[in-house]
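Trainee: Residue numbers 847 to 1120, in this note's numbering, belong to the letters of the sequence shown in order.
Think of the hints as simulated: they come from the structure by calculation, not from any bench. Beta carbons: idealized from backbone N, C-alpha and C, even for Gly. No false leads were mixed into what you were given.
Cβ pair distances, simulated, as ranges:
#	residue 1	residue 2	range
1	Pro969	Val902	43 to 49 Å
2	Val889	Leu933	47 to 53 Å
3	Leu1062	Trp1037	19 to 25 Å
4	Phe1018	Phe940	42 to 48 Å
5	Arg898	Gly1034	46 to 52 Å
6	Val1029	Ala1050	16 to 22 Å
7	Gly973	Leu1079	41 to 47 Å
8	Phe948	Ala909	24 to 30 Å
9	Ala1050	Pro969	22 to 28 Å
10	Asp891	Leu929	46 to 52 Å
11	Ile1027	Pro932	28 to 34 Å
12	Thr900	Val1029	36 to 42 Å
13	Leu933	Ile1049	17 to 23 Å
14	Ile1027	Ala909	28 to 34 Å
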Amino acid sequence: MAHTESPPTWTQRLLRYGTGVLILALLAGALVILNRWLEQYSVADIRQALNRITGVQLLAASAAAAVSYWLLTLYDLLALRHLRRPLPYRWVAFTAFTSYAFSHSLGFASIIGATVRYRLYAPHGLGGVEVAQVTLFVVTTFMLGLATVMPVVMLIDPTALKALHIPPGSAFLLGLAALAILVAYAVGGFWLRRPLRVFGHAIAFPRPSIAVRQLLLGLCDLSLAALVLYLCLPPSDAVSYADVLVAFGLALVAGIISHVPGGWGCSTPSSWSA
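Given these sequences and hints, build the entire structure.
Mentor: Here it is in structure tokens:
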């Protein structure tokens, strides 16, 4: 007797179609906000602002962008070292760059990135579980970098969070608390020596040496990416690098939550409003 699949439940249909509708709604809302922002600028204003960017600024921003892209390849390299499955750097760099290109352009970065990584890592002997662990490690490294940026800014320049209406004293205390959590993660490998069991699969907690490199890698990557934006701004005492770093971090969070491809339309208003 042939096996017939049961029709999808109401909840499954809601999740399947509701997610797409929600993303489109977020994109539409972001475009409306973006349009309102652009109403105060003319094409001549935008052209004039672009013309004020000097060649030296473009060269410096391009150099920072190149280093930031290179750091992206180290995410996968560090993940493979954590799994003790080293591969030639040339192939790791190609895989990392390709997965980021697709995932950032199409949205749903974790799912798309894992699919591309599996396609490129499988011929080198990595299974589905290992590729999933690489993807989890990469996402964790990025989030750790994002979590590290904010405390550093809070401690160096608490006034940079004025857009969030957080008093400088409270921002400083939040920075200390966040740093304490990050330090706990970095040294957690000393106590969590046994792998964690998730759905029957063992996931090892990063060794302290790996965890520290995760924090530094994520911090350097996001700091350089924000530096690209800062270097393209006209000289001004009103906007500091810390301000740009906070705005850039908030824009990334908005893009991640929305799942809109490239965070398009979501990142820009967030950056400007911050």
